[in-house]
Amino acid sequence: MSIDMSQFHEAFFDESFEGLEIMESELLTLDVGAGDAEIINTIFRAAHSIKGGAGTFGFMNVSEFTHVMETLLDEMRDGSRDVTQFAVDSLLESIDVLRTMLESARDNTEVDEEMVAARYAVLNGILKGEQGDSSVKEVEAPSLAEASTEKPVGAGWEISFIPHTNLLMAGNDPVRMFRALSELGELRATVDYSNLQPFNELVPEDLYLSWLLTLTGDILQADIEEVFEWVEDDCDLTITPLAANVQSEPLVVIESEPETIEPVQVSAVTSVKEQVSENSVADNASVNKKPATKPKKATESASIRVGIDKVDEIINLVGELVITQSMLDQVGEDLEANAEVASSGAECGSQKTNADILLRLSKGLAQLERNTRELQDGVMRIRMLPISFVFSRMPRLVHDLSSKLNKKIELLVSGEETELDKTVMENIGDPLVHLVRNALDHGVETPDIRLAAGKAEVGTLSLNAYHQGGNVIIEIKDDGAGINKAKVRAKAIEKGIISETDHLTDDEINHLIFAPGFSTADVVSDVSGRGVGMDVVKTSINKLGGRVVVESEEGKGSVFTIRLPLTLAILDGQLVTVGSESYVIPLIAIIESLQIDRAQINAVAGKAEVYKLRDEYIPIIRARAVFGLEDNKADLHESLMVIVEVDGAPVGIIVDDLQGQQQVVIKSLETNYRKVETMSGATILGDGTVALIWDVNGMVNVHKKKLNNGVIKA
Amino acid sequence: MSTSLEPVSDDVEANDNIHENQYLTFLLGDEEYGVDILRVQEIRGWDSVTTIPNAPAFIKGVINLRGTIVSILDLRERFGIESVDYNELTVVVVLRVKGEGKDRIMGVVVDAVSEVYHIAENDLKDPPDLGYAINMDYMKGMATVDNKMVSILDIDQLMSLKDIDSATESGEKA
Numbered sequence: 001m002s003i004d005m006s007q008f009h010e011a012f013f014d015e016s017f018e019g020l021e022i023m024e025s026e027l028l029t030l031d032v033g034a035g036d037a038e039i040i041n042t043i044f045r046a047a048h049s050i051k052g053g054a055g056t057f058g059f060m061n062v063s064e065f066t067h068v069m070e071t072l073l074d075e076m077r078d079g080s081r082d083v084t085q086f087a088v089d090s091l092l093e094s095i096d097v098l099r100t101m102l103e104s105a106r107d108n109t110e111v112d113e114e115m116v117a118a119r120y121a122v123l124n125g126i127l128k129g130e131q132g133d134s135s136v137k138e139v140e141a142p143s144l145a146e147a148s149t150e151k152p153v154g155a156g157w158e159i160s161f162i163p164h165t166n167l168l169m170a171g172n173d174p175v176r177m178f179r180a181l182s183e184l185g186e187l188r189a190t191v192d193y194s195n196l197q198p199f200n201e202l203v204p205e206d207l208y209l210s211w212l213l214t215l216t217g218d219i220l221q222a223d224i225e226e227v228f229e230w231v232e233d234d235c236d237l238t239i240t241p242l243a244a245n246v247q248s249e250p251l252v253v254i255e256s257e258p259e260t261i262e263p264v265q266v267s268a269v270t271s272v273k274e275q276v277s278e279n280s281v282a283d284n285a286s287v288n289k290k291p292a293t294k295p296k297k298a299t300e301s302a303s304i305r306v307g308i309d310k311v312d313e314i315i316n317l318v319g320e321l322v323i324t325q326s327m328l329d330q331v332g333e334d335l336e337a338n339a340e341v342a343s344s345g346a347e348c349g350s351q352k353t354n355a356d357i358l359l360r361l362s363k364g365l366a367q368l369e370r371n372t373r374e375l376q377d378g379v380m381r382i383r384m385l386p387i388s389f390v391f392s393r394m395p396r397l398v399h400d401l402s403s404k405l406n407k408k409i410e411l412l413v414s415g416e417e418t419e420l421d422k423t424v425m426e427n428i429g430d431p432l433v434h435l436v437r438n439a440l441d442h443g444v445e446t447p448d449i450r451l452a453a454g455k456a457e458v459g460t461l462s463l464n465a466y467h468q469g470g471n472v473i474i475e476i477k478d479d480g481a482g483i484n485k486a487k488v489r490a491k492a493i494e495k496g497i498i499s500e501t502d503h504l505t506d507d508e509i510n511h512l513i514f515a516p517g518f519s520t521a522d523v524v525s526d527v528s529g530r531g532v533g534m535d536v537v538k539t540s541i542n543k544l545g546g547r548v549v550v551e552s553e554e555g556k557g558s559v560f561t562i563r564l565p566l567t568l569a570i571l572d573g574q575l576v577t578v579g580s581e582s583y584v585i586p587l588i589a590i591i592e593s594l595q596i597d598r599a600q601i602n603a604v605a606g607k608a609e610v611y612k613l614r615d616e617y618i619p620i621i622r623a624r625a626v627f628g629l630e631d632n633k634a635d636l637h638e639s640l641m642v643i644v645e646v647d648g649a650p651v652g653i654i655v656d657d658l659q660g661q662q663q664v665v666i667k668s669l670e671t672n673y674r675k676v677e678t679m680s681g682a683t684i685l686g687d688g689t690v691a692l693i694w695d696v697n698g699m700v701n702v703h704k705k706k707l708n709n710g711v712i713k714a
Numbered sequence: 715m716s717t718s719l720e721p722v723s724d725d726v727e728a729n730d731n732i733h734e735n736q737y738l739t740f741l742l743g744d745e746e747y748g749v750d751i752l753r754v755q756e757i758r759g760w761d762s763v764t765t766i767p768n769a770p771a772f773i774k775g776v777i778n779l780r781g782t783i784v785s786i787l788d789l790r791e792r793f794g795i796e797s798v799d800y801n802e803l804t805v806v807v808v809l810r811v812k813g814e815g816k817d818r819i820m821g822v823v824v825d826a827v828s829e830v831y832h833i834a835e836n837d838l839k840d841p842p843d844l845g846y847a848i849n850m851d852y853m854k855g856m857a858t859v860d861n862k863m864v865s866i867l868d869i870d871q872l873m874s875l876k877d878i879d880s881a882t883e884s885g886e887k888a
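If you read the protein sequences in the order shown, they are chains A and B.
Residue numbers for the first sequence follow the working numbering, so the first one is 1 and each next one is one higher.
Residue numbers for the second sequence follow the working numbering, so the first one is 715 and each next one is one higher.
Please keep in mind that the hints were generated in silico from the structure rather than gathered at the bench.
All C-beta atoms in this analysis are idealised placements derived from N, C-alpha and C, irrespective of residue type, glycine included.
Take these hints with a grain of salt, some might be off.
Facing chain B, according to a computed beta carbon distance under 7 Å, are these residues of chain A, among others [said to hold, decoys possible]:
hint	residue
1	F86
2	V227
3	F228
4	E581
5	R624
6	V665
7	K667
8	T678
9	A682
10	G688
According to the in silico footprint, chain A covers these stretches of chain B (three or more CB under 8 Å from chain A) [as the list claims (entries may be wrong)]:
hint	stretch
11	755-769
12	782-796
13	817-824
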C-alpha cells in the first residue's frame with residue numbers, strides 16, 4: 001500500500017477524542033439499574049468507531065482494549081447484563097485509560113502497560129460476572145499473566161489443538177497464538193511430537209506437532225475461539241471446560257501412544273513467552289517498543305472543525321462584497337466620465353450629476369463598511385466554538401469528586417451554546433476546572449453539615465455562560481459555605497499578605513484568595529488546597545485579557561464570575577493621547593472616563609494622589625509620569641481621567657486626550673521587539689501608523705516602581 | 715556569546731578559506747560599517763515611528779512594516795556617537811536578526827547606505843582593541859576595501875535586546 005496513512009491520523013485522533021467525550025457524557029446520564037437502550041447504543045457506537053479506526057490505523061492496543069469495552073457494552077445493550085454502578089464507573093475509568101492510550105499513540109510515547117493491564121483485569125472481571133468488590137477495582141497487576149493468576153484458579157479450559165500439516169503455509173504461527181492465549185490466562189502447553197518425521201524425510205514447511213493446552217483463569221470461550229479464528233479450517237480444535245482437577249483429565253492427544261511419548265511440559269507461561277520473544281523480536285519491536293525517541297508533545301491541534309453553515313455564511317458575505325466592489329467600480333467610472341465631459345467643456349444632459357454620484361459613493365462606502373464588518377465577524381466565528389467543549393468535562397469531574405469527597409452535588413449547566421474563540425477556550429479549561437474543584441472542595445459542605453445548617457442535603461453547583469457586550473461571562477456558582485472572611489483575613493495576616501492594621505472591605509477580603517500562596521484549606525487534600533491555584537487561575541485569566549471576580553456570602557455560597565474577551569485577535573479599544581502618541585486602552589478594562597474636578601483630588605502622605613469619586617477614593621496615575629514625559633498640567637484641573645479596573649479595584653489614569661472607540665486588530669510587540677511592561681501589544685490604525693495597546697496592570701506596576709524609586713514625585 | 719556566531723563559522727568551514735561574503739555597507743558620519751547582505755531584508759527611507767514609552771534612547775520606536783510591528787534602532791545612539799538630525803538621506807536598513815531561538819525583524823537607522831563589497835573571509839581581520847568607539851562584542855572584524863577601512867558588524871550581538879532590562883522601564887536609569 002502506498003497510501004500514507006499518517007495523514008489521516010490527526011482526523012482519527014480528533015474523532016476518537018470526540019468519541020470518548022460522547023461516551024463519557026452519555027455514561028454519566030446513564031441510569032444505573034435501568035439502562036436506556038438508546039444511550040447505551042450511542043456509547044456503543046462511539047466505542048465501535050474508535051475500535052474500527054484504531055484497527056485501521058494499526059493502533060492495535062487501542063482497538064483491542066476498546067473491543068473489551070465494547071463486549072461489555074454489547075451485553076448491556078442486549079439486556080443480558082445489568083447496568084451497575086460498578087460497571088459504569090469501570091467504563092468511565094476505562095475511558096480514561098483509553099484516552100491515555102490514544103494520547104500516547106498520538107505523541108509516540110510509551111503507554112503505561114501496568115495501568116492498561118489492571119484495567120483489562122477489571123473489565124474482564126466484570127465480563128466474567130464479578131460485581132465489583134473494591135478489591136478488584138484496586139488491582140495493580142504488574143503484568144497480564146500475574147493479573148489473571150490472582151483470580152480464583154480452577155476455572156479454565158482445555159484445548160486440544162491438532163493443526164494440519166499445512167497450517168504454516170497460510171502464514172499462521174502457533175507460537176503467536178500461544179502468546180495470545182497466555183495473555184488470557186495461565187497457559188500450560190504440552191506438545192505431542194509423535195508425528196514428527198525422521199530428519200531426512202522432514203519437510204521444513206510442514207507442521208507435524210500438535211498440542212494440548214490448559215488455560216487457567218477467568219476466560220470466555222469466545223476469547224479463545226477468537227485466537228484460533230484464522231486457523232479454524234486448518235486444524236482440529238476442541239475446547240472443553242476444565243474440571244477442577246486438571247491432572248485427572250485424560251491427555252487426549254497422547255492417549256494413542258502413551259508409552260512412547262514423554263509429554264514435554266513447557267513450563268507455563270514464562271517459557272512460552274521466552275519462545276515468543278525469540279521468535280518474534282521484530283514483531284515485538286514494532287508493537288511494544290516504539291523507538292525511544294524524545295516524546296515530542298503534539299502541538300495543540302492545529303485544525304478546527306467548522307460548521308458548514310458558517311462557511312456558507314462567509315461565502316455569502318464575500319458575494320456581497322463583490323457586488324459592492326462592482327458598484328463602487330461603477331461610481332468610479334461615472335466620475336471619470338464626468339471628468340472627461342468637464343474637461344471637454346461640453347455639457348450633456350444625460351450625464352449623472354456629481355452630487356448624484358457622490359450620494360451613490362457614500363452609499364457604496366457604507367455598504368462596504370458593513371460588508372467588511374460582517375465578513376470580519378464571519379471569519380472570526382470560524383474560530384468560535386461553543387463553550388460546551390469545556391463544560392462537557394465538568395459532569396465527569398463533579399461525578400468523580402463528589403464521590404471522593406462524600407458530598408452530594410447537583411450540577412446545573414446552562415448557556416453551553418455560548419461561543420468562544422478556540423484559543424481562549426483552550427486556555428480557559430484548566431482555570432475553570434480549578435474553580436469547580438475549589439467550589440466542590442471548599443464551597444459545598446458535606447451532607448450532614450448542610451442538613452445541620454438547614455440547607456438541602458444536595459448541594460448545587462451551577463455553571464452558566466452568556467455573552468454580554470462583546471464579552472463572554474462565565475459564572476461558577478455554588479450554594480455552599482461561602483468564603484469565611486475571618487479565616488481568610490487571619491490567614492492573609494499570617495502569610496504576610498496584609499498587615500494586622502489593614503482595614504479591608506468584605507470584597508477586598510474575598511479577593512485575597514487570589515493572592516499568590518494563599519490557601520485556607522485546613523487539610524491539604526489531593527483535590528485542592530495546596531495554595532497554588534487561585535492565583536494561577538487569576539493569572540491565566542488575566543493573560544487571556546479577562547478578569548475574574550468573586551462574590552461570596554457566608555453560609556449562602558459564592559459566585560465566581562469570569563469575564564473574557566470573545567477573541568484574542570480583535571479588541572474593542574478606547575483611543576487616547578498621551579504626549580505625541582495615540583494609545584489604545586482595552587474597553588474591557590475601562591469602567592468610565594471623566595473630567596477631573598480639582599476639588600476632589602487629595603494627596604495622601606504627600607506621595608500618592610487619590611480622587612474622590614462618589615463614595616470611593618481612587619488612586620490617580622499620571623500616564624505622562626509613567627511614560628517619563630514632562631507633565632503638562634500639574635494641578636490636573638479639567639484633565640481627563642480614565643478609570644480602569646486593576647485587580648478588582650478602580651484606578652484612575654490621567655491622559656491628555658480621549659479619542660474615539662474602535663475595534664483594533666492585536667499585533668504582537670514581542671515578535672520583533674520584546675515585552676514592554678506597560679503594553680500588551682500593538683495595533684495598526686486606519687492611517688497605517690502603529691498604536692500601542694496598554695496593559696493597565698503593567699501601567700500600575702511601573703507606576704509603583706517609579707514611585708518607590710522616587711522617579712515620580714506626586 | 716559565541717553560539718550566535720556559529721552559523722557563520724560553519725559556513726566558512728564548509729567552504730574553503732577564500733570564500734567570499736557580500737557585505738552591505740553604510741555610513742555613520744565618516745565611518746563605514748558593513749553587515750552580511752544575506753541578513754538585509756530591505757532598505758527604506760526614514761519615516762516617523764511610534765515611540766515606546768520607557769524604552770532606551772537608541773530604540774526609536776516601532777513602525778508598521780506591511781502589517782508587522784518592527785522596532786527601529788538608531789545605530790548612532792547605540793554606539794554612543796553624537797546623533798544628527800534625520801534628513802532625506804537617512805535610511806532604515808531592515809535586518810533579520812537571529813537570537814534566542816527566534817528570528818526578529820528589526821530596522822537600524824543609519825546616515826546613508828554606501829556600497830556592496832565582496833570581502834574574502836580571510837581578509838577579515840580581528841579588530842584591534844584600542845578603546846575603540848564601539849563595544850568589541852558588536853564587531854565581527856575589519857577589512858580594508860579600496861584603501862578604506864570597513865568595520866563588519868555582528869548584528870546578532872548588536873541588535874540583541876538582552877541588555878535592555880526592566881530596570882530601564884521602571885525608570886531606574888532614566
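Hints and how they fare:
1. F86: violated, 51 Å
2. V227: violated, 52 Å
3. F228: Nearest chain B Cβ about 56 Å off; hint violated.
4. E581: holds, 6 Å
5. R624: violated, 10 Å
6. V665: Not OK, violated: V665 (chain A) not within 7 Å of chain B, min 9 Å.
7. K667: With a closest approach of 5 Å, the K667 (chain A) hint holds.
8. T678: Because about 6 Å separates T678 (chain A) from the closest Cβ in chain B, which is inside the 7 Å limit, the hint holds.
9. A682: Holds: closest Cβ of chain B sits about 5 Å from A682 (chain A), inside 7 Å.
10. G688: Interface hint status for G688 (chain A): holds (6 Å vs cutoff 7 Å).
11. 755-769: Check passed, 8 qualifying residues.
12. 782-796: holds (count 4)
13. 817-824: It holds: at least three residues are needed, and the stretch 817-824 of chain B offers 3 whose Cβ sits within less than 8 Å of chain A.
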